[in-house]
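In the order they appear, the protein sequences are chains A and B.
With the first letter of the first sequence counted as 1, position 164 gets the number 164 in my numbering; the numbers rise by one all the way through.
With the first letter of the second sequence counted as 1, position 432 gets the number 1432 in my numbering; the numbers rise by one all the way through.
The hints are simulated quantities; they were obtained by calculation from the structure and are not laboratory data.
Treat the hints with care, since some could be wrong.
[Unchecked claim] Restricting the straight-line Cα-Cα distance to at most 25 Å, the calculated cross-link-like pairs of lysine to any residue (SDA-like) are:
1. A/231 to A/163
2. A/231 to B/1365
3. A/221 to B/1089
[As the list claims (entries may be wrong)] Okay, the calculated beta carbon distance ranges per label pair:
4. A/137 to B/1232: 54 to 62 Å
5. A/165 to B/1374: 52 to 60 Å
6. A/266 to B/1138: 38 to 46 Å
7. A/137 to B/1144: 27 to 35 Å
8. A/325 to B/1396: 24 to 32 Å
On a predicted model such as this, the values are computed, not experimentally measured, just so you know.
Glycine is no exception: its CB is placed at the ideal position from the N, C-alpha and C atoms.
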Amino acid sequence: MTMGETVTTYGIQPKPGRKRASLASTAGRLLRMRETGLILIIAVLFVVMSFASPYFLTWENMRAMAMAFAVEGIVVVGMTILLISGGIDLSVGSVTALAMVIAGLLFLSGMDPWLASAIAIVACAGIGAIMGFFVTKIGLHHFIVSLGVMVIARGACLLGTGGRPLGLYSLPPEFKFIGQGSIGPIPVVIVIFVVVVVAFDFMLRRTTMFRKVFYTGSNEKAAAYSGIRTKRVIFLTTTLCSALCGVAGVIYMARFGSAQPTFGVGMELNVIAAAVIGGASLSGGTGTILGAILGTILLSVVSSSLALLDVSVYWQDIIRGTILMTAVTLDHYFNKRRG
Amino acid sequence: MQTDLILKIDNLSKAFGAVQALKGVRFELRKGEIHAIAGENGAGKSTLMKIIDGILRPDKGQILIDGKAVTIPSPAEAQQIGIGFVHQEIALCPDISVAENIFMSVTNASRAFMMNYSDLLERSGEILKGLADIDPSVPVRKLSISQQQLVEIAKALTLDCRILILDEPTAALTEREAQALFEIMRRLADRGIAIVYISHRMAEIFDNCDRVTVMRDGHYITTMNIADTTPEQVVAAMVGRVIDKLYPPKQSESEKSQEIVLSVRDLGDGALYSGVSFDLWRGEILGLGGLIGAGRSEIVKGVCRLEGNANGDVQLHGRTLGAGHYSDRIKDGIVYLSEDRKGDGLFLDMSIAVNVSALDVEKVSSAIGVINDDEEADCAESLGSSLNLKCNSVSQLVSTLSGGNQQKVAIAKMLFVKPKVIFLDEPTRGVDVGAKAEIHRILRDLARDGVGIVIISSELPELIGVCDRVLVVREGRIAGEVTGDRMTEENIMYLASVSSEGAVLS
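Given only the sequences and the hints, what does the whole structure look like? Please build it.
Shown next, in the form of structure tokens:
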């Protein structure tokens, strides 16, 4: 035997052929999943609304609804990952607006819009890195740090633009294409959204990189005691969330053809609500991208339905809040029963 | 005889979903006795106690206090009846003072509008006097775990209770503190208070209790006078079979090896420990003894690069290991099993498989970092079955397992990376007798297979029973080494507690 080699009784023995889960147990697991419940609720809403309003099930309405949640959905992806790692970010709305303003100002100063957008995204990642620094190195709470950055970033937006939207009428059409164009019948925005969601959903479920995010959020100390560099994980999830806000901001700019310094006020609440409805926990460790996106879709379908039914906009917030509380209460109840 | 019965429980049953936690349990408690309840984890002890304390409601059965049938709907109601409960888990408010914590339930019940702080300090000082040297005005977070445990006990003592339930109160206490607690228990019993004492430690039960009731699988098995029974009989009743040997055989002379697995030289962090040097030989189980707070865990975490910034030379199989992060140590083959299984050892809300692979997920992943779920589950199943882990499937959440099985998951987590050296911090704390013996056997097998095993334990019988050699740590230094016949509780305690000035430390 060579030095240091160990042959142990308690090793991992290779095992031939793994029995596949039976159809019934797979079906049972699907039924218990949060995502299935959300899809059912959304489906019911679709059926009800298609009877209630002739405009609901039209291509135009579907497209408008998808456009409404697609870009915000990219921010939801970042927020969900951050929530899973145990963090939270209140600055997403301001940072999204700041991305627009930075890219818009650079473009107006004569820069190529693609380069300007890239710089804006990197700047947002930088903001996330600064927040990550305050959280992991100084030891402040995500809530406080991002609250500060939320206000600062909004202030920077207003300062940079004098509080007025920047009209970017000379944006080249190939740039506007990412926000306004279509590939066949499908808007480019939705294509980007689907790509981001599918990619991150897969990575979050299956890659070692993101498994470490779950470990860290589930029990930071146990993760550290498993050799995971938890501070680095939290730093990176914080940076990623802000970087995705940058991406969303640039797409919004292409879509609106302008940079709006007051855009995204209150977005953080919508985004957090969507992630939580989709199963993310504020204490970290749980959540899926698919669930969070279904949460986003649900909120969006409800808003759209209420608008079609001529319900006052003031009711919408009340209903959204009620949905959030109902979802979380049901989840708490079922989790308790299971545990 | 019947007249001094204070509590009588008859035919008590309780189910959680499909799991029948208690089946027709009976229990009798007399005034002034210390009554031990013994049973493996999952035997139903906690459920029974929670019913007595009003945390849970029974499905069926009768509770008689002083011969009158009662229902106990809540812990507050239990307090009214005179039932005090010291839980195993510490539930104090860390930011408020010891005095306020001690009188929390009393303050809650008082009708006074203003807090009388000076009175509070004085009275809590009195209660603590016989118990521990703790300043009642400091916030609880400044206390050590064992001091916090004593505050929990002091808190129960304010309640003027007639029945006091202590759930593994000595788990975090040092020997001396435990002795002080036993003296207090005896004084309370002499005053007529009935004490229910839950512990896994046979020695404590036999030294301090009057009677013992054994439970197994939710059933009442027997109640015996301590004077009329032996630890072997109690253990046999607990596990339903005879455990002939509590500890596995030690390393034989022929198995002794000259090969050094791990060598530590002059390790120090500049604060909690310094000048720590020791060798770990192939095939042996090395123990680290000493008082809580002596720096044992800190030294081990220093070797593993988990906490603090330790200087010194660490060699694994003759190769000097650099500084670096714990993840580098894991790659080298050195792993640490935490003493706080629930707090930082496991991911309770995650599955067994996901826990087992936590130290090196890359091992069950493709080159680009995509996890192979089937391979991950296979590894967990394979390790689990070799450790005799009892579970329905490896996709089960760890929080649903018993303490002993959770610890096996924690051990599987270490073995997943094929370690060369395993440091185990209190490896059997809160683990029942059966699983404990199994864990000890596993460690012995691992040592025999050439894995270096270092155990930290505050339970002296365990150190003596399992280890081939014990290093005693005192005030951050290795105070001495005991082997063979010199490995006795007295020798270890002497080395652990006598300072260089000759004074005895607490």
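### Task
Starting from the range 24 to 32 Å, see whether the pair residue 325 of chain A and residue 1396 of chain B falls in it by beta-carbon distance.
31 Å, holds
### Query
Measuring from beta carbon to beta carbon, are residue 165 of chain A and residue 1374 of chain B in 52 to 60 Å?
53 Å, holds
### Message
Check whether the Cα positions of residue 231 of chain A and residue 1365 of chain B lie no farther apart than 25 Å.
### Response
23 Å, holds
### Task
Starting from residue 231 of chain A, check that the Cα of residue 163 of chain A is at most 25 Å away, please.
Distance of about 37 Å is beyond 25 Å: violated.
### Message
Quick check on a hinted range of 27 to 35 Å for residue 137 of chain A and residue 1144 of chain B, using CB atoms only.
### Response
Roughly 28 Å apart at Cβ, these two residues keep to the hinted range, so it holds.
#### Entry: residue 1138 of chain B and residue 266 of chain A - C-beta distance against the hinted 38 to 46 Å
Given range 38 to 46 Å: holds, Cβ gap about 44 Å.
### Query
Measuring from beta carbon to beta carbon, are residue 137 of chain A and residue 1232 of chain B in 54 to 62 Å?
56 Å, holds
### Message
Would the hint linking residue 221 of chain A and residue 1089 of chain B be met if the CA-CA limit is 25 Å?
### Response
18 Å, holds
The structure does not agree with numbered hint 1 stated previously, though it agrees with all others.
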